[in-house]
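2 protein chains.
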Amino acid sequence: MAEVLINGISADYVSVADRGLNYGDGLFETIACSGTHPHFIRQHLQRMERGATRLDIPFPGRELFRQDIDRVLKNSAGSKSVIKLILTRGHGKRGYRYDTKQPPTRICVRSPWPAQVVHWAQQGFRARFCQTPASVNPRLAGIKSLNRLENVLASNELGDRFDEGLLSDIDGNVVEGTMSNLFAVIDDAVVTPDLSRCGIAGIMREQIIDSAHEIGIRIENVNLSRDDVMNSQELFISNSVIGLCVLKQLEQRSFNRHMITEVIQSRLNKKIDADAETDA
Amino acid sequence: MAEVLINGISADYVSVADRGLNYGDGLFETIACSGTHPHFIRQHLQRMERGATRLDIPFPGRELFRQDIDRVLKNSAGSKSVIKLILTRGHGKRGYRYDTKQPPTRICVRSPWPAQVVHWAQQGFRARFCQTPASVNPRLAGIKSLNRLENVLASNELGDRFDEGLLSDIDGNVVEGTMSNLFAVIDDAVVTPDLSRCGIAGIMREQIIDSAHEIGIRIENVNLSRDDVMNSQELFISNSVIGLCVLKQLEQRSFNRHMITEVIQSRLNKKIDADAETDA
Chain V
1 MAEVLINGIS ADYVSVADRG LNYGDGLFET IACSGTHPHF IRQHLQRMER GATRLDIPFP
61 GRELFRQDID RVLKNSAGSK SVIKLILTRG HGKRGYRYDT KQPPTRICVR SPWPAQVVHW
121 AQQGFRARFC QTPASVNPRL AGIKSLNRLE NVLASNELGD RFDEGLLSDI DGNVVEGTMS
181 NLFAVIDDAV VTPDLSRCGI AGIMREQIID SAHEIGIRIE NVNLSRDDVM NSQELFISNS
241 VIGLCVLKQL EQRSFNRHMI TEVIQSRLNK KIDADAETDA
Chain C
1001 MAEVLINGIS ADYVSVADRG LNYGDGLFET IACSGTHPHF IRQHLQRMER GATRLDIPFP
1061 GRELFRQDID RVLKNSAGSK SVIKLILTRG HGKRGYRYDT KQPPTRICVR SPWPAQVVHW
1121 AQQGFRARFC QTPASVNPRL AGIKSLNRLE NVLASNELGD RFDEGLLSDI DGNVVEGTMS
1181 NLFAVIDDAV VTPDLSRCGI AGIMREQIID SAHEIGIRIE NVNLSRDDVM NSQELFISNS
1241 VIGLCVLKQL EQRSFNRHMI TEVIQSRLNK KIDADAETDA
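Chains as they are written, first to last, in our numbering: chain V, 1 to 280; chain C, 1001 to 1280.
Each hint should be verified, as a subset may be incorrect.
[Unchecked claim] When the alpha-carbon atoms are kept at most 27 Å apart in a straight line, the in silico DSS-like pairs for lysine-lysine are as follows: (1) V:Lys93 <-> C:Lys1074; (2) V:Lys93 <-> C:Lys1144; (3) V:Lys80 <-> C:Lys1270; (4) V:Lys74 <-> V:Lys101; (5) V:Lys271 <-> V:Lys101; (6) V:Lys101 <-> C:Lys1093; (7) C:Lys1080 <-> C:Lys1270.
[As the list claims (entries may be wrong)] Pulled from the structure, derived: some chain V residues nowhere near chain C, Cβ distances all over 10 Å: (8) His37; (9) Leu55; (10) Lys84; (11) Ile86; (12) Thr132; (13) Leu268; (14) Asn269.
Bear in mind the hints are in silico, worked out from the structure with no lab data behind them. Note that this is a predicted model, so its numbers are computed, not measured. All residues carry an ideal CB built from backbone N, CA and C; glycine is no exception.
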């Protein structure tokens, strides 16, 4: 059973007038937790604060979120779990316009660790190209907002044969996976889709870029066509829960080389271990 | 005070696991009501059903929504009000993927008639061009989904000096108002932005197109630049609550001619009256 705090109070329900429900007017974070340790918590809360600034939602402060997280994790020693934080613009009067003084809604949900993650880490992902396009809007690009219909519809294209799907914008640029960021090795260099017009800039994506830089591998943000992706030497995806995982299959093609991927993964694992040793 | 039914039960709260909150995974309708009569109810429920089909959300049937509406309007004789219907994909397990058998959440909220509407009808709208872009996504275009962050952010650009703002896509095509559809009279012909890539196709927009056709005025869906809009002979906007309203000002320019607008408005008013005489 999920454990939920809403504005610091144990509760399962939000007001029907909440702008998160009415307009997707808010943000979220998904955080992997080992025991009582939420991974990369500083980075997650930083990103949420940046997102809140971009959406002009009053940020309640990192300390309150930290308290919520500590409370829902307090009996988690020894087990892995996932925390979802949601911040909405709260509930106000009817209509799109908002009152900047309206208090936001802060939600913290702890869920069990998803069973598939172990399988994916061992087997790699089988992916396809989705028909559902990624929405193009530079004002919302990169933000982990609650407007996620594109991800929902794309994920429904996967069926049983695929674990992940890649979304492209209307100009044919591959943007991201339904629940992950994408990396490709092309001509022995690492590239990842530019996210200035669409997509979500993941925390694990940032860690991977840092990892690569630390070991002297350059990663560039570029526009990638489906052909570029299909003809890559290696492909991998990332999110906060799966970490870094290889794509072993994209459409009909198998990917068996993971040379550069493994070098980056090894460095990333060190960063994850180092984070686990910091104070939660 | 708003009166709310959730799945037919008087309630003010939805589950924190509802996909409407988590992903904006749902639809809504805003319906003007005169006394116990919800205007263009057949068209609203038709649109919601079409939207549900496009989003693959099980539609609970028009009859259940009609029952909810009748219940929240039963003491409304003599007064005007606004009903908002929301349909979400319900609440399920974590993650974007959904179970098609999951029962949806059906919400019906009655609110008082907004005070500004009388003012706008008398004074006309003062509008500006917004910087917030309209999201480009043909898969979601036209649908009144709960992913409405673009409208929220654009509406915050209005301040006190403007009543409405016009959104453009990244290619500079004007798409819609923050809460309305746009019509322009150019070379004595009526045009309205093409909504195949972005925007919401309003019920009142449809009624205006029908009204124009009935009196022999052609309306075309076109791509409109800001210059096209700025140099129009007449401008008007529509939504289900304001009906049809003239733009009396756009940025620095005043619009004083409303000749063709008035011919269409007169026909539209007859349609609204005719609808009011049908069974609710």
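Do the hints match the structure? See the list:
no. : hint                    : in the structure
1   : V:Lys93 <-> C:Lys1074   : holds (23 Å)
2   : V:Lys93 <-> C:Lys1144   : holds (19 Å)
3   : V:Lys80 <-> C:Lys1270   : violated (64 Å)
4   : V:Lys74 <-> V:Lys101    : violated (33 Å)
5   : V:Lys271 <-> V:Lys101   : violated (39 Å)
6   : V:Lys101 <-> C:Lys1093  : violated (33 Å)
7   : C:Lys1080 <-> C:Lys1270 : holds (18 Å)
8   : His37                   : holds (20 Å)
9   : Leu55                   : violated (7 Å)
10  : Lys84                   : violated (8 Å)
11  : Ile86                   : violated (7 Å)
12  : Thr132                  : violated (5 Å)
13  : Leu268                  : holds (23 Å)
14  : Asn269                  : holds (24 Å)
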